[in-house]
Amino acid sequence: MSKKILIADDEQNIVISIEFLLRREGFEVLVAGDGEEALAKVRAEKPDLVLLDVMMPKMNGFDVCQSLRADPELSETRILMLTAKGRDTEVSKGLGLGADGYMTKPFSTKELLAEVRKLLEM
Amino acid sequence: MLEPPVVIVVSLLYLGLLFAVAWWGDRRADQGRSIIANPTIYALSMAVYCTTWTFYGSVGRAAVSGIGFLPVYLGPTLAMALGWIVLLKMIRIVKANRITSIADFISSRYGKSHGLGGLVTIIAVIGIIPYISLQLKAVSNTVGLLLGYPEIVMPHRSAAMTVGADISFYIALILAAFTIVFGTRHLDATERHEGMVAAIAMESVVKLVAFLAVGVFVTYGMYNGFGDIFDHVEVREEVRGLLKAIPSGDGYTGWFSLIVLSGLAILFLPRQFQVAVVENVNEAHLRRAAWLFPLYLLLINIFVLPIAVGGLLHFAGQGVDADTFVLTLPMSQRQEGLTLLVFIGGLSSATGMVIVETIALSTMVCNDLVMPMLLRHNRAALEESKDLSGLLLGIRRGAIVVILLLGYLYFRLAGEAYALVAIGLISFSAVAQFAPALIGGMYWRGGTRGGALAGLSAGFMVWTYTLLLPSFAKSGWLPGDFLMQGFFGVELLRPQQLFGLAGMGEIAHCLFWSFFANIGAYVGVSLLRPPMVAEATQATLFVDALKDTGQGGAVLWRGRAQVSDLQELVGRFLGPARAQSAFAAFARRRGNSDDVTPEADAKLVQFAESLLAGAIGSASARVMVASVAKEEPLSIEEVMHILDEASQLRTYSRELERKSRELTAATLELQAANERLQELDRVKDDIMSSVTHELRTPLTSIRALSELLRDDPKMHLPDRERFLGLIVSETERLTRLINQTLDLAKIESGRADWNGCELDLKEVIEQSIAATSQLMREKEAHVEVDLPDNLPLILADRDRLIQVMLNLLSNAVKFLKQGSGRISVTLGRRADGLEVSVADNGPGIRPEDQQLVFEKFRQVGDTMTAKPSGTGLGLPISRRIVEHFGGQLWVESAPGEGATFRFTLPFAHAQQVEVSPDTAV
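Keeping their order, the protein sequence lines are chains A and B. Using my numbering, you'd call the opening residue of the first sequence number 482 and step up by one each time. Using my numbering, you'd call the opening residue of the second sequence number 3 and step up by one each time.
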């Protein structure tokens with residue numbers, strides 16, 4: 482069974498590119514345009530991995546991350562934070578809140594795939 | 003009720019009450035709880051100006067010359083209103099130099115000259131004695147009148163009686179005793195008498211109440227008010243002339259000279275100098291006195307005319323002296339209580355004057371006449387004695403007795419010749435002679451001792467010749483021939499028509515010639531030589547008294563002196579105990595009570611001298627200090643140098659204070675600037691971070707899409723085309739972002755180029771709408787336009803304004819639903835400019851977001867859809883452009899009802915307010 486990945490980002494073009502990339506690699510892909518939608522879809526679909534943008538409308542990536550980690554049922558879900566703000570403080574904040582990985586934008590597609598595979602232990 | 007024993011007992015009770023008040027005042031002063039530290043008490047004490055001359059004499063004068071009694075009160079009123087600054091300066095000088103009398107003042111100013119102090123004292127004593135005799139005359143006259151009650155019998159001429167039977171002799175003795183008890187109970191370094199001032203203030207109230215009581219009784223008891231009395235004046239021949247504006251007899255010169263004389267008297271009469279200057283506790287009190295004292299004068303004058311007229315009408319043809327109307331009117335109505343009150347009022351006005359005047363004169367006689375003589379002729383005896391304070395008090399007490407007896411003598415010899423008012427004016431003219439030397443000394447550095455001596459002597463001689471001698475002659479004490487023929491038969495020397503100056507009253511005549519001689523001699527002799535060291539020193543201290551804190555900081559002494567010698571010297575005059583405590587207090591103030599050095603420094607010497615000056619006058623104090631110290635004379639250059647240094651030192655310290663204040667302010671500013679910088683840094687950081695974020699986002703898409711294309715050469719054509727299209731649009735977004743960021747930075751830093759010119763806004767809007775027509779067509783949006791013609795021009799940059807319009811239009815389009823969108827653009831006129839609105843029927847903006855949309859990089863997305871494309875800089879830039887040209891840009895919206903962006907721009911030229919109907923919004 483293929484792994485299920487949720488892409489949570491409000492930048493449509495980024496979603497398009499990542500979605501295309503992951504589908505090509507054989508993953509099942511879900512999409513969310515803001516923080517609340519992302520949270521709802523994780524709870525409903527239980528994806529194996531969430532690619533979580535930090536700057537999203539309604540609820541930012543950090544808050545989503547925190548909510549996910551507060552839910553014991555979702556402890557298996559891996560979280561990879563994606564952000565355009567590359568500061569160290571942001572990285573450590575994300576990791577401190579329980580994210581499993583962190584990538585700054587812009588990223589290379591190869592590295593993204595490598596990180597995704599690592600987190601999914603493939 | 004008016005039997006002699008009753009009158010005597012009541013009088014003595016009143017004097018006892020006065021003494022009790024004085025005793026209480028002194029006691030409170032010793033306890034440090036002064037009762038006279040009060041501006042009202044101060045103003046009331048100045049009313050010692052009103053003597054029996056006012057109390058009885060005003061009515062007498064009004065009975066002869068109508069309102070001719072007034073100038074003597076207008077003078078002081080003007081002097082207080084206009085001359086308070088002179089009084090203030092006198093107070094400062096007196097405080098700074100421990101001056102105790104007007105003689106001391108003048109002597110001190112011209113180099114602490116014994117000669118000048120003595121001359122001033124002699125002039126004051128000779129000038130004031132007639133005035134004191136006037137008080138004796140008034141009191142004895144009124145006592146005589148009361149003794150005749152219920153008959154009204156004019157008193158006998160005193161000359162007809164022996165001294166032993168003359169009531170006024172005993173009155174003089176009682177007053178002398180009373181004054182001694184009042185004024186010379188102990189010696190004080192500042193020569194201040196708090197108890198006396200308290201008693202004087204009370205007397206001022208008593209005499210005012212008494213006078214008002216008579217006034218009310220006559221005006222409303224005997225007649226039916228002011229109108230009734232003045233109606234009588236019109237009917238009765240003998241009083242009709244009284245109400246003319248200015249009596250022809252005196253003329254304007256007479257009025258003028260009386261006003262000048264009395265204005266000077268309020269400053270220079272020894273008793274006025276005593277209460278107004280020496281006894282002043284706090285110079286701020288002057289402010290209330292400046293209006294309260296004139297008000298007092300007004301009150302005590304209100305009933306003068308009614309009483310005068312009432313008396314003339316009532317006593318017509320009975321030979322009652324108008325000077326006695328105040329007393330005889332209530333007597334004639336059998337008003338015994340009121341009569342007694344009036345008598346006490348008259349007594350209070352006499353005792354107040356006599357007490358203060360003789361105390362002031364006795365201080366002058368002691369310090370400026372007797373002490374200098376003792377110093378000159380009997381120095382050895384002075385230096386032997388350990389405690390001279392008893393001697394000083396003795397001299398003063400003796401002086402009081404002598405002065406009062408001289409007053410009595412003058413009364414016996416000359417007092418009957420003149421009406422009360424004339425005697426007072428002789429005294430006023432005498433003290434007016436102090437004016438040139440005193441006022442000149444306060445404002446002119448060039449005045450010298452020689453000038454002051456010459457001026458005072460000349461003025462005094464002219465006064466003697468034109469006023470005093472004629473008064474003797476008119477009293478029959480001198481042969482009267484010289485009045486008519488002049489001395490040696492030279493008509494030009496006729497005393498009251500000197501050098502042919504006729505047609506003036508005697509007072510105006512004396513004032514003219516005495517001031518002519520006085521001022522001429524003072525200025526002329528002063529100009530003969532430059533001031534010497536001591537004169538120049540004192541001149542600086544006096545003339546600069548109002549500058550800052552005066553020259554108190556400068557020490558003008560050089561030499562060697564022992565502390566013990568100085569203390570012993572002061573002790574000899576003030577008593578050892580007082581000297582001991584004064585020196586100890588001084589040491590404590592300077593904070594060196596522990597290590598008392600035997601050698602006295604200049605400041606201590608100065609302190610000792612000022613202590614002595616309070617007791618024996620500044621000139622004698624100078625001599626005494628010089629006798630115990632080895633002094634080195636200072637040259638005039640050195641003195642000026644020291645004074646300069648002192649003033650420079652003050653300037654420096656002021657400068658320093660100012661610098662330190664500036665430094666504090668600068669530090670605060672620096673802190674604020676630093677905080678602003680840090681804040682700016684944070685803002686810059688935030689902006690950098692925002693810009694970075696905004697740049698990274700499109701780069702992310704571009705990189706990812708490009709890599710996808712690169713890694714998969716066999717990608718389907720539609721995907722390939724779609725991805726390439728996205729890449730192109732993301733690079734456009736990048737370009738736009740970079741341009742707008744730079745643009746905003748330029749505007750914010752003030753480096754933007756603005757090409758302001760007068761624009762027709764309608765044309766700009768139409769052009770912008772044309773430029774966005776493609777966008778509209780793609781969204782199938784409908785554009786409505788309402789743009790009136792012929793609106794006034796506005797001033798703006800054309801391209802910038804198009805930028806604003808394009809931004810607003812493209813924003814509006816962006817949020818419209820495909821196919822059903824409507825945009826409405828209007829242009830209208832407001833009071834001060836034009837207003838443009840761009841309204842859409844899109845989703846609208848929530849109230850909490852309406853401010854956010856104008857912030858940088860704050861895009862407010864439509865809730866459920868993805869984030870709008872755009873940089874988040876369009877509105878912030880637009881707002882800055884509009885504001886640059888003096889307008890405003892804002893949004894009105896409600897969710898679901900579209901948004902309306904509006905901006906205003908002011909007219910290029912100021913417009914008339916008129917709004918024609920076709921252009922009104």
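Derived from the structure by calculation, the hints contain no laboratory data. Be aware that a few hints might be false.
Listed below are the simulated DSS-like cross-link pairs for lysine-lysine, each with C-alpha atoms no more than 25 angstroms apart in a straight line [to be verified]:
(1) K539/A / K819/B
(2) K527/A / K539/A
(3) K574/A / K527/A
(4) K716/B / K591/A
(5) K819/B / K566/A
(6) K566/A / K716/B
(7) K91/B / K539/A
(8) K716/B / K539/A
(9) K539/A / K522/A
(10) K574/A / K716/B
If we take Cβ atoms under 10 angstroms as the criterion, some of the chain A residues that face chain B in the derived model are [what the hints assert, rightly or not]:
(11) Q493
(12) I495
(13) I497
(14) I499
(15) F501
(16) E509
(17) V510
(18) L511
(19) N541
(20) F543
(21) Q547
(22) S548
(23) R550
(24) S573
Here are some of the chain A residues that sit facing chain B, going by a computed Cβ distance under 7 angstroms [claimed, not checked]:
(25) N494
(26) S498
(27) T590
(28) E592
(29) A595
(30) R598
Virtual Cβ for every residue (Gly too), placed ideally from N, Cα, C.
Quick rundown of the hints versus the structure:
no. : hint            : verdict
1   : K539/A / K819/B : 22 angstroms, holds
2   : K527/A / K539/A : 21 angstroms, holds
3   : K574/A / K527/A : 24 angstroms, holds
4   : K716/B / K591/A : 18 angstroms, holds
5   : K819/B / K566/A : 33 angstroms, violated
6   : K566/A / K716/B : 34 angstroms, violated
7   : K91/B / K539/A  : 79 angstroms, violated
8   : K716/B / K539/A : 39 angstroms, violated
9   : K539/A / K522/A : 15 angstroms, holds
10  : K574/A / K716/B : 41 angstroms, violated
11  : Q493            : 5 angstroms, holds
12  : I495            : 5 angstroms, holds
13  : I497            : 7 angstroms, holds
14  : I499            : 7 angstroms, holds
15  : F501            : 6 angstroms, holds
16  : E509            : 19 angstroms, violated
17  : V510            : 14 angstroms, violated
18  : L511            : 16 angstroms, violated
19  : N541            : 13 angstroms, violated
20  : F543            : 15 angstroms, violated
21  : Q547            : 21 angstroms, violated
22  : S548            : 20 angstroms, violated
23  : R550            : 25 angstroms, violated
24  : S573            : 16 angstroms, violated
25  : N494            : 4 angstroms, holds
26  : S498            : 4 angstroms, holds
27  : T590            : 4 angstroms, holds
28  : E592            : 10 angstroms, violated
29  : A595            : 13 angstroms, violated
30  : R598            : 16 angstroms, violated
Hint violations for this structure: numbers 5, 6, 7, 8, 10, 16, 17, 18, 19, 20, 21, 22, 23, 24, 28, 29, 30, all remaining hints satisfied.
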